[in-house]
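Chain Y is already provided as a structure; the job is to place chain G on it using the hints.
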Amino acid sequence: MRRFLMQADTTAVSRRDFVRVSLVLGGGLMVSVYGCGPNGEEPPRAATGGTLEPNAFVRIDTSGNVVVTSKHLEMGQGAYTGLATIIADELDADWSTVTVEGAGADDKKYGNATLGGLQGTGGSSAIANSWMQHRQAGATARAMLVAAAAAQWKLPVSELTTEPGMVVHAATNRRAPYGTLVTAAAAMPVPADVPLKDPSAFRYIGKEKGITPRVDAKAKGNGTATFTQDVKLPGMLTAVVAHAPRFGATVRSFDATKAKAVPGVRDVVQIPTGVAVLAEHFWAAKLGRDALTVEWDESAAYMKGTAEIMAQFREAAARPGRGVRNDGDADATITNASKTVEATYAFPYLAHASMEPLNCVVELKSDSAAIWNANQFPTVDRGVVAKIFGLAPEKITMHTLLSGGSFGRRANPKSDYVAEAATIAKAIAGRAPVKLVWTREDDMAAGYFRPAMLHRLRGGLDAAGTPVAWWQRVVGQSMMEGTMFADPTGNDTSSYEGASDHVYDIPNVFLDVHYEKVGVPIQWWRSVGHTHTAFAVEMFVDEMAKAAGRDPLEFRQAMLAKDPRRLAVLNLAAEKAGWGSPPPAGRARGIAVHKSFDTYVAEVAEVSLQDGVPRVHRVTCAVDCGIVVNPDVVRAQMEGAVAFGLGAALFGRIEIDGGRVTSLNFDRYRVLRQREMPEVTVHIMPSTEKPTGVGEPGTPPIGPAVANALFALTGTPTRTLPLVT
Amino acid sequence: MASITINGQPRDVTADPSTPLLWVLRDIVGLTGTKFGCGIAQCGACTVHLDGVPVRSCSTPLSAVGPRPVTTIEGLSTDSTHAVQRAWVEMQVAQCGYCQSGQIMSAAALLDRNAAPTDADIDTAMQGNVCRCGTYQRIRAGIHRAAEMKRASA
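Taken in sequence, the protein lines are chains Y and G.
The first sequence finishes on residue 707 if you use this note's numbering, and the numbering steps up by one all the way, no holes.
The second sequence finishes on residue 186 if you use this note's numbering, and the numbering steps up by one all the way, no holes.
Chain Y extracted, bound-state conformation (with noise of 0.2 Å):
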């Protein structure tokens, strides 16, 4: 990580540095590093003009309206909602009051304690990260417009009160909303160690729906929200790329003759990764593109397919790969087991596919430039931009969209698009303003996929069914070679988080590992290793109560006394399933439990088989992520990660022929859609426990709940993902 900081943007802080500045905001003190970021326009003070700024992440302006700066990026989870939750609760702002706008780019403003400091939107961490820090802003805000009143009305503070958007002095009945304040408050100084709220005095946190609803809802119910795909700069060009037909070919020659007459179509470059064309609009470009003709140099592109990737996993499967863990002896206890389970689930390539599909605006002055993209990394991308355009970082403004989803992949570690965007820029000399727009098979044919995978798996049962023994080998590609988070050794714990961890209690546990080198690029993809290590083990989980002639959810209750909450999130989703209960007929139960990003979430899906393809009628959801922000919005991530992860059992797979990727819209890639949608109910475990995430944990057991479901219908279990091909 601090390798990466250096290399990628010279202004980022260090991890220890991060930690001197979260002491700093845990004590409310944003101003003492606010005007130290490489920006360096704002000035160290409480106010900007008639506004009351205390820190980083709220501001008042003299008509009462709090806008809250998101250090996250809003790409439909509810980040903007729940960061502004948290601020509004401790400030007593009034909800209606309450906007949202997404920060630009700075590491020691809006970094992310999760992501060693770096900025950044991922890993479930919005919440986590932000409770304390975000509460600490809103009291501060708060203390100082309280402060105001009491010298305005020479009382002490202690006799003053707060409602939402205004102070009040009950004795006296006098009441002075916010914007009354501001002025006065941003004058004094701003405080120290401010007190928090007691839990039970929270007004908006924690509250149903309908108290703090989406700030965002009403714009995205009538086209007013902006997305990057939506901006438009003056004299803005358009352009669409020929991007190479196989990962790692390059531009060998191209004729743009016929683009070029092509009406509209204003400039054609060759970058790095392509050829691209600039038109006053995207059809012209699009147009211009089609009449391009280009010559690949493939001598370096990768040439397999995903049949030659997987075989390739499977022969080295058999082979020891690099240790993990190993408690006891697995192996040989499997060797003298009463019962052995054997069984390899493979996982398939998986696109994001979200439903804005990848674009980026550049402005590129003489000695500055502007980014307008849905910034997931923005220093990260920062960075890259700066050493494209041989600018200094803070010379470049990142200006953060709402994002079309994203389910990981505007977190490239390369940038790609990004630096794809500035190239074609550069290529121009800043002539114009570019807006790059990739059609779908752009997006999906660029790979950046969640790799495949092979888990192979060995367990062992004593005489009276209960497990001895279980050994796993992952194989499959580094997420996280190459990249910011590469570990130093080679080591990559994304590849097997979830499984190794597994806290069953049997007591020979072996697994191992082999990163495979493939020429297909890879990326996180919502809940990251997750996605496969939950299928592997829950799914093998299953395989063994069978063998061992024990009800899953039994069975797995007997190996989890040590982790209280992950039992206790099965029990309920079980109970509100009504698992003792037979299912109604022609219908199956599965049950699948998993933590990630340190949250609990169970799943129990009802699944019948209708003309041989599995149908999902229920699925019963429980989820302890801790103190709960916003229930609705909880609820909301749950349902979508079950759709998501749903969409990806059945239907997931994205096929490379040769190098090429088939897999290129929504016709080849097949996705969920609304008949398939199951009913979700999701439970809420109570807790006092800090906040974590929800954005991606919702997504691991949906797959193998389903799986386990079928495999108690049919007796067979599942061992190539996806279910439906």
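Calculated from the structure, these hints are not laboratory results.
Possibly wrong hints are sitting among the right ones.
Simulated crosslink set (DSBU-like; lysine-lysine; CA at most 30 Å straight-line) [to be verified]:
id: 1; chain 1: Y; residue 1: K544; chain 2: Y; residue 2: K672
id: 2; chain 1: G; residue 1: K182; chain 2: Y; residue 2: K191
id: 3; chain 1: Y; residue 1: K179; chain 2: Y; residue 2: K90
id: 4; chain 1: Y; residue 1: K377; chain 2: Y; residue 2: K408
id: 5; chain 1: G; residue 1: K182; chain 2: Y; residue 2: K200
id: 6; chain 1: Y; residue 1: K214; chain 2: Y; residue 2: K408
Which stretches of chain Y does chain G cover? Using the computed rule of at least three CB atoms under 8 Å from a CB of chain G, they are [as the list claims (entries may be wrong)]:
id: 7; stretch: 58 to 65
id: 8; stretch: 217 to 229
id: 9; stretch: 552 to 563
id: 10; stretch: 621 to 627
id: 11; stretch: 643 to 653
By construction, the Cβ of each residue, glycine as well, lies at the ideal position given by its N, Cα and C atoms.
Chain G alone, transformed into the frame defined by chain Y:
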């Protein structure tokens, strides 16, 4: 040049006749509420009404529009008060929101021809609209709620 009617306003558009209505709306007329998702009528993000009928504007060339009026999300209501829009907020349907213009246009067209759709009717009418965030359960609830609202105000 083609003359088309968008949200009740006549517009003269200069573009190649093959230009999909989607790009006419977005890049020439400047109405960006209608979204580009797939370009091949597989995802529904670009859904608009053509003479009241939901169509995929990414696959509807300008030359095919003719005199039929086009309604986009911006023209569904001027103040977000269409029953589907109100129900969408009430049910907190949207997540990333990118597909929702298309979802809402498909849902509004369904309710125009079927005042009380069943779940099966909804599945059929909405099968062409993909939501990668997986808001389908709330879309279903939102359509039922909007139907109630429309009946109550009828």
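Evaluated hints:
Pair hint Y:K544 plus Y:K672 holds up; C-alpha atoms about 20 Å apart against a cutoff of 30 Å. With a C-alpha separation of about 23 Å, the suggested pairing of G:K182 with Y:K191 holds against the 30 Å cut-off. This hinted pair checks out: Y:K179 and Y:K90 have alpha carbons roughly 27 Å apart, not beyond 30 Å. Proposed proximity of Y:K377 and Y:K408 is supported: the alpha carbons are some 15 Å apart, at most 30 Å.
Among the hinted pairs, G:K182 with Y:K200 is consistent with the structure: their alpha-carbon atoms are about 19 Å apart, no more than 30 Å. Of the pairs offered as hints, the one joining Y:K214 and Y:K408 holds, with about 19 Å between alpha carbons and a cut-off of 30 Å not exceeded. Against chain G, the stretch 58 to 65 of chain Y contributes 3 residues with a C-beta closer than 8 Å to a partner C-beta. That satisfies the three-residue criterion, and the hint holds. Counting residues of the stretch 217 to 229 of chain Y whose beta-carbon sits less than 8 Å from any beta-carbon of chain G gives 1, not enough to reach three: the coverage restraint is violated.
Counting residues of the stretch 552 to 563 of chain Y whose C-beta sits closer than 8 Å to any C-beta of chain G gives 0, which falls short of three, so the coverage hint is violated. With 6 residues having a Cβ less than 8 Å from any Cβ of chain G, the stretch 621 to 627 of chain Y passes the three-residue criterion, so the hint holds. Here's how the stretch 643 to 653 of chain Y fares: 4 of its residues keep a CB closer than 8 Å to some CB of chain G, so the rule of at least three is met and the hint holds.
Checked against the numbered hints listed earlier, the structure breaks hints 8 and 9; every other hint is satisfied.
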